[in-house]
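Given the coordinates of chain A, work out where chain B with the ligands should sit on it, guided by the hints.
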Amino acid sequence: MSALVKSSLARKWVMALSGLFLVVFLTQHFVINITSVFAPDTFNEISHFMGYNPMVQFIAQPILIIGLIVHFIMGIVLELKNRSARPIKYAKFSGNANSQWVSRNMIITGLVVLAFLGLHMYDFWAEEIGYKYISANPEDPTRYYEELVHKFAPFWRTIIYVIANVLLAMHLWHGFNSSFQSMGAKAINKGDGLRKFTYAWSVIIPAGFIFIALFHHFSHS
Amino acid sequence: MKLTLKIWRQANSEAKGNMITYPIDGVDGDMSFLEMMDIVNEGLINKGEEPVEFDHDCREGICGACSMMINGQPHGPQRLTTTCQLHMRKFNDGDTITIEPWRAAGFPVIKDLIVDRSSFDRIQQAGAYVSVNTSGNTQDANSIPVEKAKADEAFHSATCIGCGACVAACKNASAMLFTSAKVSQYALLPQGEVEATDRVMNMVRQMDMEGFGNCTNTGACMIECPKGIKLENIARMNREYLKAETLG
Ligand code: SF4
Ligand code: FES
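Chains as they are written, first to last, in the UniProt record's numbering: chain A, 1 to 221; chain B, 1 to 248.
Bound conformation, chain B alone:
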């Protein structure tokens, strides 16, 4: 199929970028979106032009690297799917596809479609961990009983791959779905209780410092999240935060 791509090009973080139009031919419905991008880049390299830079790694929906805003939706139109798992059969011959980087103050553009997501690392470093004594006498995690339902929910929250689609989709560029998933995966487990207060306070503070917006409960994040992380996590974080603020 033939497509017209409108892609954001930006030479570096300082440069002023703009949308450039690239016509492309010979796209197969079985190709993934990233394979289609590879073809675009081969063409550009053959012409001696700079290829479009984009993040990718696993190409199987588990690393969260492939950040692309496709036709106004993070990771494109298909639910529960990362860009690398999106197939070109979702598009029609003759379509025009707009491809942009995530847009958020907390995710500055490095080049073309690549954004700096180290803000997410810093939010995690602020509290998304459990301190354990690794002297060799550590208690086996399985010796602490955990309710099945809670364990399942904690695991589900932990499936967040840190892709940033939630921020990209949110009209406020809020990072609450991501942060709350990381808060929840520990808050739900007894191992996480000890550091619960500091965790939520520090992670929320870091999230705010990174320049992300305020959640206004539009729910766009949950719909666009490739892992189906639920809004319930944000409600849980709000509870945890209130508990931490009031009870200390």
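The following block holds chain A by itself, in its conformation from the complex:
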């Protein structure tokens, strides 16, 4: 592993694979959440399954957390290494002339999303752990929808979720497409299909999360 990570190309692969894994996770997260808009019972059922199924709890969840940590640590490592690759900065640097702002500032969008994840984990995950393991409450397969709606009641929280998802979209805009380039996918250079798909996905998924947050905020306020 350490030999792998010593190479700049291997680091690219690690970043791309962990990123792609997180994209897949986001997608399934979205599919579950969107049911809360039109089928609260289904949302409750799936949430209960996710919360109590041992495969999800003790295998999928730790893998997800590891994937997230790997992606985050590697992102920081890359940022630090890349900074030291240019010890003296330019007096004038016209980055916008040759690249997208989002591609040059993944560390900013990434750190904002990470900070948001702190709140998000506190909001749902910590509460869930508290409910199940600390207060040792009995199973209640119908509580999830109410909890979700309750979370989006305050305006400030809803706004934070909206902003965080905009930043997430920016992060994905560069990252999703970029992961295929990093893995040397031939498709990335054959026409625009894959690129367009990744761009569309990067907007649709966060826009969907924003819709869900706003929907619950406004339909119950």
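Worth flagging that the hints you see were computed from the coordinates, not collected in a lab.
A few of these clues could be false.
To be verified - If you want a taste of the chain A side facing chain B, the calculated C-beta under 7 angstroms gives, among others: (1) 8; (2) 9; (3) 82; (4) 85; (5) 87; (6) 88; (7) 90; (8) 93; (9) 94; (10) 98; (11) 99; (12) 103; (13) 104; (14) 184.
As the list claims (entries may be wrong) - Derived Cβ-Cβ restraints for the label pairs, each shown as a range: (15) A:195 / B:151: 23 to 29 angstroms; (16) B:4 / A:214: 47 to 53 angstroms; (17) A:72 / B:92: 42 to 48 angstroms; (18) A:89 / B:47: 27 to 33 angstroms; (19) B:195 / A:61: 44 to 50 angstroms; (20) A:195 / B:29: 37 to 43 angstroms.
Treat the numbers as computed from the prediction; the structure is a model and nothing was measured.
The C-beta atom is built at its ideal place from N, Cα and C for all residues, glycine as well.
Just chain B with the ligands, lined up with the frame of chain A:
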């Protein structure tokens, strides 16, 4: 036209440099950027001052020597153009132009605008070659059939002039476009297959050792490359590297 130039001056590799402002008059739109620099230097020499040192050789866009960061872009604002081929008509009377050396740990400044690009030589020496037996019985290269499309791509990758603009443009000072162009020009040809594994491993290792940054796919290199070397080469190098790492 009248211009104000802000030029990086640095006496030697140890010295601490700084930006110095030089007003200049009588610049003609038909002059190349380097001819304009020649006028600056004539003025400095006449005043008994040290001329601004800069690299140049062919002045026709083929040697890759003329490294200058002009207003925050390597080789200036015009696409697919080296500094020596850039004309002053691209600028307006009264403009202020900032001129700096390439900035990268892998390209230390020697003096003023001249940087040491021997790191690129070492990356090439690490694997950008095909070993042939020159005993006199060498098989004619043309006797090995090569697909036209692949030959064209290999040739296109081989048009890299090693100027370093890709590194200069990259926010990470990564040398992947250059290295991948050199990897690709052999990887695409049957003659390069024999040494493919060692080539990509050794060249990437050397690239990392020289202190260049990690590619994060911003694509700035491809836009600024005077020869239009494509990002596809980097994807190819990533594939070649994975193949070499996993299959050996
Ligand atoms: S890839 Fe382009 S920018 Fe980089 S060294 Fe070669 S010719 Fe110059
Ligand atoms: S001086 Fe040779 S490319 Fe500019």
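Here's how the hints hold up against the structure:
{"no.": "1", "hint": "8", "result": "5 angstroms, holds"}
{"no.": "2", "hint": "9", "result": "5 angstroms, holds"}
{"no.": "3", "hint": "82", "result": "4 angstroms, holds"}
{"no.": "4", "hint": "85", "result": "3 angstroms, holds"}
{"no.": "5", "hint": "87", "result": "6 angstroms, holds"}
{"no.": "6", "hint": "88", "result": "5 angstroms, holds"}
{"no.": "7", "hint": "90", "result": "6 angstroms, holds"}
{"no.": "8", "hint": "93", "result": "5 angstroms, holds"}
{"no.": "9", "hint": "94", "result": "3 angstroms, holds"}
{"no.": "10", "hint": "98", "result": "4 angstroms, holds"}
{"no.": "11", "hint": "99", "result": "4 angstroms, holds"}
{"no.": "12", "hint": "103", "result": "4 angstroms, holds"}
{"no.": "13", "hint": "104", "result": "5 angstroms, holds"}
{"no.": "14", "hint": "184", "result": "3 angstroms, holds"}
{"no.": "15", "hint": "A:195 / B:151: 23 to 29 angstroms", "result": "27 angstroms, holds"}
{"no.": "16", "hint": "B:4 / A:214: 47 to 53 angstroms", "result": "52 angstroms, holds"}
{"no.": "17", "hint": "A:72 / B:92: 42 to 48 angstroms", "result": "46 angstroms, holds"}
{"no.": "18", "hint": "A:89 / B:47: 27 to 33 angstroms", "result": "31 angstroms, holds"}
{"no.": "19", "hint": "B:195 / A:61: 44 to 50 angstroms", "result": "46 angstroms, holds"}
{"no.": "20", "hint": "A:195 / B:29: 37 to 43 angstroms", "result": "39 angstroms, holds"}
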